[in-house]
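Chemist: If you read the protein sequences in the order shown, they are chains A and B.
Reading the first sequence from the start, the letters are residues 1 to 304 in the numbering used here.
Reading the second sequence from the start, the letters are residues 1 to 368 in the numbering used here.
Please note: incorrect hints may appear among the correct ones.
[Said to hold, decoys possible] Distance windows between CB atoms, simulated:
1. A:Arg-130 to B:Phe-310: 58 to 64 Å
2. A:Glu-72 to B:Leu-35: 48 to 54 Å
3. A:Ala-110 to B:Val-311: 58 to 64 Å
4. B:Leu-9 to A:Tyr-117: 20 to 26 Å
5. B:Phe-26 to A:Ala-110: 34 to 40 Å
[To be verified] If we take Cβ atoms under 8 Å as the criterion, some of the chain B residues that face chain A in the derived model are:
6. Thr-203
7. Glu-205
8. Phe-248
9. Ile-249
The set of hints was computed from the structure by calculation and includes no laboratory data.
Since we're looking at a predicted model, the values are computed, not measured.
Glycine is no exception: its CB is placed at the ideal position from the N, C-alpha and C atoms.
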Amino acid sequence: MSFLNATNIYKSYDKITALREFSLAVEEGEIFALVGPDGAGKTTFIRILCHLIRTDRGEVTIAGYDIKKDFEKIKPLLGYMPQIFSLYPDLSVEENLKFYAGIYGFTGQAFERKRDYLYSFSNLGPFARRRAQALSGGMKQKLALSCALMHDPEFLILDEPTTGVDPLSRHQFWEILLQLKSEGVTVLVSTPYMDEVARADRAAFVLDGRKLSEGKPDELAARFRGRIYFLNEEPNPTLVENLNRIKGLKAQRFGAGMHLYLDENDDIARYAQALAQLNIAVDKLAPAAPGLEDRFIQLTETGS
Amino acid sequence: MNRLKFIALKELYHILRDPRSLLIVFLMPVMMTFLYGYAINLDVEDVVIAVVDQDRTDESRELVDRFYNSAYFSRPENETSLTDPEALLRSTEAAAVLLIKPGFGRAVERGDKFYLSLMVDGSDNALSAAVQSYANQVLLQFLKDRLPAGYILPGIQLSLQVKYNPDLKSSHFFVPGLVAIILIMISALLTSITIAREKETGTMEQLLTAPVKTHDILLGKLIPYIVIAFLDGTLILVFAKLVFGVPFIGSHLLLLLFGFIYVTTSLSIGILISAAVNTQQLAMMFALTLTMLPSVMLSGFIFPIKNMPFVLQALSHIVPARYFLTIIRGIMLKGAGLGVFIGQGAMLVLLMVIFLFIAVKSFNRGTA
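For reference, chain A alone in the conformation it holds in the complex:
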């Protein structure tokens, strides 16, 4: 039995169906990433796990406990970091930590030990007396994570913890997650960043309230159907548009250049003439291995 088991979750708001027949299993001790565009249902799913909203249908168990019947038993196991920064802005770094430790019953030396440990990898120690509202975005997220970790949770649920955070802080944040994993913590994290998905043990693509694909990051990427060429040319919108006018070819901005997508049995040589008209020589195109982003775009556009 998996650590987290969600089966056939169905949840709708007034007119929108947020989750349909959504099932997910997370194993103990792994980092599982949920990836998908805004409005895909990631946050709804996470809030269901934290018992902040109720499902219309479906079952959820965490560590063997049914969320409907035994949420009180799940609470001490759970560390939750919501999408929006939700600590007390008028409390200092240390006061926030102390408060969250306190409501989980950690006081005195137990608190101090845990605090010092968390300072050691969050580097927030020098800012202990600073009010939370005066912290930078990256530090805020680290403080929020520290607060969620104050009570040694077995299961950490993070809702887009790195959105809007600078790349260096994002990197440091993930170093912490990997450290936690090595300590046996199970992590479920939602993210819009593909490079973060690649660092997870497993991931699931979510779109329109459905889970479209699930597996290890390299497996997910390998499910891409077709051929990919990298075009090292500045991806200005006109060029992308002109490329997409060529029948059989699809172009997508990729990093500093572009990815051209072809069917599996197609050959880039067929498009030599059309590309030449756009001043693109076929020999400038390098075949590329499919990445998560390529597969994600394919899933988003074709649904499979």
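Given chain A, work out where chain B should sit, using these hints.
Modeler: Frame of chain A, contents of chain B only:
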């Protein structure tokens, strides 16, 4: 219990670090006491009264002196125009004119029936009522002092009797009511705002995923405000005593007991409001409309309930301030005991139970 302590402590930090809430908490009661004590003063002092003495006897002259020597009345600046009393009233040089017709002195001596005529500027309702009663008091005192003990002058009958607030001081009347208003303000307004704030910032979700019981969250958040409410209540009473000399005749303990019931009721209303809204701004608007307004308008604080239209009278029955007002006025000004307002006390307890029940229910539903 320990978790409750952490929540209460955190709440205290919020209050102490937010200058605006501190201002509301401690400046407003003082300001309102001043406002109601001074600015909204229904007391009448130094009313300009013109006395036209056509009797010109020792008795009439003494009565005139009595009028002008009292703190209530003063002479008009221009006494030459006394020939036309009504002109004085019209020109608002005098607020009242007392006409002593010939025969007054003899009537006093013989104990005959006699009418003094008092003309009052009725355009100011509160003033005219006060002038009538003050004039009556001066006259009555004058007659009493002239009579041997036990002798009752026939012809003079005074139906007016002013009890409990013999000076008709409006501060005595307002201050107990002000305590009722401030208590419900602080309790309902601040608690609904503080709970709405936790929802607004998302911290409520953190609390709900932590192993904290609902009643720990509620109590932890409320206790600081209960303390503040009582501090404020005490502040007003001390202030009122020092500045306006408002008396406190009855039992402090009894007031404390009913104060607690009243504050709990108000807090429940605050929780109820915060369960219904998600932003601090909405919470504030709801709290002001649902607590301030009815407490000022429908409690008998300023306007007597018995003069209201039927619908408003009926509505006033669910306004907690209505009952607390009767109780606190009774205790402070009359020294009334529990037996006197057992009905009001029972209604207040009933309202507390109902509001508290709905509040906890709605809080659970709104958050879980």
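Chemist: Starting from the hint 34 to 40 Å, judge whether the C-beta atoms of B:Phe-26 and A:Ala-110 obey it.
Modeler: With a Cβ separation near 37 Å, B:Phe-26 and A:Ala-110 satisfy 34 to 40 Å, so the hint holds.
Chemist: How about B:Glu-205: closest beta carbon in chain A under 8 Å, or not?
Modeler: holds, 5 Å
Chemist: Look at the Cβ atoms of A:Glu-72 and B:Leu-35 and judge whether their distance stays inside 48 to 54 Å.
Modeler: holds, 50 Å
Chemist: Holds or violated: the hint that B:Thr-203 contacts chain A, with Cβ atoms closer than 8 Å.
Modeler: holds, 5 Å
Chemist: Just to be sure I understand the hint, the distance between the Cβ atoms of A:Ala-110 and B:Val-311 should be within 58 to 64 Å; is that true here?
Modeler: Between A:Ala-110 and B:Val-311, where Cβ atoms are some 60 Å apart, the hint holds.
Chemist: Indicate whether the distance between the beta carbons of A:Arg-130 and B:Phe-310 respects the range 58 to 64 Å.
Modeler: 60 Å Cβ-Cβ, so the 58 to 64 Å window holds.
Chemist: Holds or violated: the hint that B:Phe-248 contacts chain A, with Cβ atoms closer than 8 Å.
Modeler: Violated - the Cβ of B:Phe-248 stays beyond 8 Å from chain A, reaching only about 38 Å at its closest.
Chemist: In this structure, is the beta-carbon distance linking B:Leu-9 and A:Tyr-117 contained in 20 to 26 Å?
Modeler: holds, 23 Å
Chemist: Please verify that hint: B:Ile-249, Cβ, nearest Cβ of chain A, below 8 Å or not.
Modeler: violated, 43 Å
The structure fails to meet hints 8, 9 from the earlier list, while all remaining hints are met.
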